[in-house]
Amino acid sequence: MLWVFFAALTVAALTSVFWPLLRTPRGPSRSAIEVAFYKAQVAEIERDAARGLVAKHDAEGAKAEAARRLIMASETPGPGAADASPAKARAAIAVAVLFVPALAIGLYSSIGHPGLPDLPLTARMAQPAAKLDIMAAIGKVEAHLAESPNDARGYAILAPIYMRLGRYEDAAKAYAAMLRLEGETEERLSLYGEALVAAAQGDVTAEAKKAFESAKAKDPAAPRPRFYLGLAAAEAGDKAGAKKIWTELLEQSPPDAPYAPALREKLAALDGAPAPAALPGPEQNPALAANIKAMAGPEQAQAIKGMVDRLAAKLAENGQDVEGWLRLVRAYAVLHESEKARSAVVDAKRNLADDATASARIDALARELGLEG
Amino acid sequence: MIVETGHYALVLALALALVNSVLPIWGSLAGDRRLMAVAPPVAIMSFLLIGYSYFALTYAHVTSDFSLLNVVENSHSAKPLIYKISGVWGNHEGSMLLWVLVLALFGAAVAMFSASMPEDLRANTLAVQSWISAAFVLFILLTSNPFARLGAPPAEGNDLNPLLQDPGLAIHPPLLYLGYVGLSITYSFAAAALICGRIDAVFARFVRPWTLAAWICLTLGIAMGSYWAYYTLGWGGFWFWDPVENASLMPWLAATALLHCTSVMEKREALKIWTIFLAILAFSLSLLGTFLVRSGVLTSVHAFATDPMRGVFILLILVLFIGGSLVLFAARAGGLKQGGLFAPISREGAIVVNNLILSTCCATVFVGTLYPLALEAVTGEKISVGAPFFNLTFVPLFVPLFILMPVGQMLAWKRGDLLGVAQRLIYAFGAGLLMAAALAAIHGGPAVSFLLGGLAAYVIVGAFTDIGRRLLGAGASPAAILRRLSGLPRQALGTAFAHAGIGVTLLGLAASGWGVEKITTLRPGDTLDVGPFQLTLRDLAKREGPNYSEIFATTVIRSGGVVAAVVEPSLRSYPTRRSNRTEAGIATLSLGQVYISIGGLEPDGKVDARIFWKPLVSLIWGGALIMAFGGALSLSDMRLRVGVGRRARKPAAPQAAPAE
Numbered sequence: 001m002l003w004v005f006f007a008a009l010t011v012a013a014l015t016s017v018f019w020p021l022l023r024t025p026r027g028p029s030r031s032a033i034e035v036a037f038y039k040a041q042v043a044e045i046e047r048d049a050a051r052g053l054v055a056k057h058d059a060e061g062a063k064a065e066a067a068r069r070l071i072m073a074s075e076t077p078g079p080g081a082a083d084a085s086p087a088k089a090r091a092a093i094a095v096a097v098l099f100v101p102a103l104a105i106g107l108y109s110s111i112g113h114p115g116l117p118d119l120p121l122t123a124r125m126a127q128p129a130a131k132l133d134i135m136a137a138i139g140k141v142e143a144h145l146a147e148s149p150n151d152a153r154g155y156a157i158l159a160p161i162y163m164r165l166g167r168y169e170d171a172a173k174a175y176a177a178m179l180r181l182e183g184e185t186e187e188r189l190s191l192y193g194e195a196l197v198a199a200a201q202g203d204v205t206a207e208a209k210k211a212f213e214s215a216k217a218k219d220p221a222a223p224r225p226r227f228y229l230g231l232a233a234a235e236a237g238d239k240a241g242a243k244k245i246w247t248e249l250l251e252q253s254p255p256d257a258p259y260a261p262a263l264r265e266k267l268a269a270l271d272g273a274p275a276p277a278a279l280p281g282p283e284q285n286p287a288l289a290a291n292i293k294a295m296a297g298p299e300q301a302q303a304i305k306g307m308v309d310r311l312a313a314k315l316a317e318n319g320q321d322v323e324g325w326l327r328l329v330r331a332y333a334v335l336h337e338s339e340k341a342r343s344a345v346v347d348a349k350r351n352l353a354d355d356a357t358a359s360a361r362i363d364a365l366a367r368e369l370g371l372e373g
Numbered sequence: 001m002i003v004e005t006g007h008y009a010l011v012l013a014l015a016l017a018l019v020n021s022v023l024p025i026w027g028s029l030a031g032d033r034r035l036m037a038v039a040p041p042v043a044i045m046s047f048l049l050i051g052y053s054y055f056a057l058t059y060a061h062v063t064s065d066f067s068l069l070n071v072v073e074n075s076h077s078a079k080p081l082i083y084k085i086s087g088v089w090g091n092h093e094g095s096m097l098l099w100v101l102v103l104a105l106f107g108a109a110v111a112m113f114s115a116s117m118p119e120d121l122r123a124n125t126l127a128v129q130s131w132i133s134a135a136f137v138l139f140i141l142l143t144s145n146p147f148a149r150l151g152a153p154p155a156e157g158n159d160l161n162p163l164l165q166d167p168g169l170a171i172h173p174p175l176l177y178l179g180y181v182g183l184s185i186t187y188s189f190a191a192a193a194l195i196c197g198r199i200d201a202v203f204a205r206f207v208r209p210w211t212l213a214a215w216i217c218l219t220l221g222i223a224m225g226s227y228w229a230y231y232t233l234g235w236g237g238f239w240f241w242d243p244v245e246n247a248s249l250m251p252w253l254a255a256t257a258l259l260h261c262t263s264v265m266e267k268r269e270a271l272k273i274w275t276i277f278l279a280i281l282a283f284s285l286s287l288l289g290t291f292l293v294r295s296g297v298l299t300s301v302h303a304f305a306t307d308p309m310r311g312v313f314i315l316l317i318l319v320l321f322i323g324g325s326l327v328l329f330a331a332r333a334g335g336l337k338q339g340g341l342f343a344p345i346s347r348e349g350a351i352v353v354n355n356l357i358l359s360t361c362c363a364t365v366f367v368g369t370l371y372p373l374a375l376e377a378v379t380g381e382k383i384s385v386g387a388p389f390f391n392l393t394f395v396p397l398f399v400p401l402f403i404l405m406p407v408g409q410m411l412a413w414k415r416g417d418l419l420g421v422a423q424r425l426i427y428a429f430g431a432g433l434l435m436a437a438a439l440a441a442i443h444g445g446p447a448v449s450f451l452l453g454g455l456a457a458y459v460i461v462g463a464f465t466d467i468g469r470r471l472l473g474a475g476a477s478p479a480a481i482l483r484r485l486s487g488l489p490r491q492a493l494g495t496a497f498a499h500a501g502i503g504v505t506l507l508g509l510a511a512s513g514w515g516v517e518k519i520t521t522l523r524p525g526d527t528l529d530v531g532p533f534q535l536t537l538r539d540l541a542k543r544e545g546p547n548y549s550e551i552f553a554t555t556v557i558r559s560g561g562v563v564a565a566v567v568e569p570s571l572r573s574y575p576t577r578r579s580n581r582t583e584a585g586i587a588t589l590s591l592g593q594v595y596i597s598i599g600g601l602e603p604d605g606k607v608d609a610r611i612f613w614k615p616l617v618s619l620i621w622g623g624a625l626i627m628a629f630g631g632a633l634s635l636s637d638m639r640l641r642v643g644v645g646r647r648a649r650k651p652a653a654p655q656a657a658p659a660e
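Those protein sequences? They're chains A and G, same order as listed. Residues 1 to 373, numbered by full-length UniProt numbering, are exactly what the first sequence covers, in order. Residues 1 to 660, numbered by full-length UniProt numbering, are exactly what the second sequence covers, in order.
Wrong hints could be hidden among the right ones.
[Unchecked claim] As a list, the in silico BS3-like pairs of lysine-lysine whose alpha-carbon atoms are at most 30 Å apart:
| hint | chain 1 | residue 1 | chain 2 | residue 2 |
| --- | --- | --- | --- | --- |
| 1 | G | LYS518 | G | LYS542 |
| 2 | A | LYS140 | G | LYS542 |
| 3 | A | LYS216 | A | LYS239 |
| 4 | A | LYS210 | A | LYS239 |
| 5 | A | LYS210 | A | LYS173 |
| 6 | A | LYS173 | G | LYS606 |
| 7 | A | LYS305 | A | LYS349 |
| 8 | A | LYS173 | G | LYS542 |
Rather than coming from a laboratory, the hints here were simulated on the basis of the structure. Source: prediction; values computed, not measured.
The following block holds chain A by itself, in its conformation from the complex (with noise of 0.2 Å):
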């Protein structure tokens, strides 16, 4: 159907460019005009005489100057007088059949998304619950709440989604909705900060400082309170005790705790050592998103790297696979792995160069999620 608009349209477009060179060419030639035009120029003049806006001899000698320009106009032909050549028109018909529809379908088929019918948000919000997808869901959690504010297993739902989708500004402030509605725990606290340091770019402010103060009164052996008191100090310049905070803190843990990496490159930090290279990702601190990311679930991650990197691996042996390409690039953007990411764009790309549809479906992808230039 869409196509059959597509079609409909270009027709349309193209008539506009047949139509006049099938006709006979119509209209005054370019002299006929210009002798009209001084006509008028004299016609004027001499009713403004009349009506005693101008002085008679004055007119006289507007009339001579129109008359003047009126003889060199006349003189000088103009190249419309020339007649029309069918074989002209011909090439011109046959350049506008070629290259119309060829430049428009060339350039839509690489930038336009056919696949995707109009979406007008009454029609999504009609559908069932089960197709909505996860930012549909944010939102009826959202307007749920905007009805009854005191719900606090709205909150709970929402806070760890608005975290992973950095909006940390809401993630801090669904926290402090639990912590007045809940009560205040270690976990709500540590949470609360977490936040608040993200929403802050990894600075952890007066606000945050006070939670985990709270967070670590509350329960003195949980990490995550302490791990930020460590770094709340260390940005305050105050190495000495950062160090002391997170050797002890270190000590204190399993050796294969998820954390342990990400505090160890701290403590590394701490000594003057060089950082090590910076994980890429959205969050302007890099080391702190990696925090975040070990402590959600440090299996879990480990088992999607490997599925990551079965599927590159599979991919490097056979790359003919647009749907496998078409979720590593998914993947590695999830990750936050955005150089893997483009440099995946590029390797399916060169792979699947004979196939223009598919590496429409790869470039739309990057463009989607943000992995162009």
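Given chain A's structure and the hints, the job is docking chain G onto it.
Structure of chain G alone, referenced to chain A:
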């Protein structure tokens, strides 16, 4: 499906623009009438396609189709309908689409309303217009595509910048674009005349109405923008010499000079080089403005785009079109035939002076706008060139222009009589002196204010002197006056109104010296005196709008104990964008305005307020409306205009005054 067809229509419009930028010029060079005849229908079809594309984007905004990135970034489902529609051009991508829509609109209008135009001129004009269209459609498709889609649409959008959620925004950009982009057609005419190699009165005759139409829209657009800034930015200022404002002022100055030039060229075939040069300059300055605003070189409300790729692309377009036209100009200017001769003191001479002053003003604004940018780019040093620079340079340039305006209007073509004109302007001088004295007596200093006020009165009376003399010249029976009035060319009336309009604006500007400003904190029940009025803050309250919540302060304005007006200045807070915007409370009282803008609510129940009394301030925009009215009057006068030189030996007889 509507969205994707809109996208395809835009791509198709690019293909058609490319066809139309080649075939008509080929036709004109080869003398083939069929090829030249391609231009008008293709121009109309391009307009329809771009119009459909624009409709598709509007449809997506109205239905909150968040599968479009552009809609997500700039809309919100709770936004009122009018801002869903105006939000289409309230962002970079959409406003560029409006840009090309206006380009195509002017192309289509020329195609439809110029059947009597020489066909080579028409074909080349539309071809040049197509080049511009093609360049900008390509720019949109490659760097700023409003039809970019999202595979996983979010449930809600980011809302439009609150500053832009205002009825002023609904009118300002389209008007400004009609003016700004409308100048493209004068550029295309000039380039076409250069390609045809025929630059004569016929060319001027056809280009003049388009220049005038663009000028009217530009005048209204600038005035509208200034008023919008005045009541939404909360500072009580109406012109900030902001680079974005300057970017619209420069084309206006060039277009004003061009307007005067085309009238000379049409009547006397003189000032050809000036006319072509100003036509190129006016649109070049529009392009420059687009570059400044769209490239992200400036950071302001307007610079939604901060993508270097876009900047480089527009810069390329700029270089191509300005450079190309100047090369064409250089190649053809030498061969121009001398038009009608004129003495230094004559209508033509006065217009040359007008051109010189306006061009110098334009250069001043140009330097004041670009020098800080260039300095920052080269040395990294940030300087700000604001009102002091422009007051010292721009104003002294404009004062002689105002003094000469009525004089030029009354000088005869070819050879004028300065002494006679001065004698006839005696009433205008008198009115100016009287006004200055009266203003000084009523308001007192500063001297600049009453002197400029006097100048304004001189300009206004001077603008109508010629017409007044013609109407009252010989015997003043009402019937005779009415008969003479109907015989007057509307263009002469238009000139008088436009000149008087700028005088009215000047009066409004002059009066700013007598303004009163108070910055204070108020509590409900407080009363204070501002100028001739007493203000009482009656109530402070909160209320919810569709996508904002606001605190508003109900304030009663009394004059001598009698309630003159009640206003509700407010501070609106838009949660989605986490930003605030003030909505000033404005009451227009005897041409002046009481202006109240409130800031945040303090914990103790007080509110910060900026309160102004601005006498005669409404005249600033009123003057612009009068100017535009004058332009419209002149536009409605489709008579041919012919300059009639008056013989030197016969001085001032009222009947012999220049025809217009």
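Next on the checklist: Going through the numbered hints above, which ones does this structure break? Give me the numbers in ascending order.
Outcome noted: Of the numbered hints given earlier, the structure breaks none, since each of them holds.
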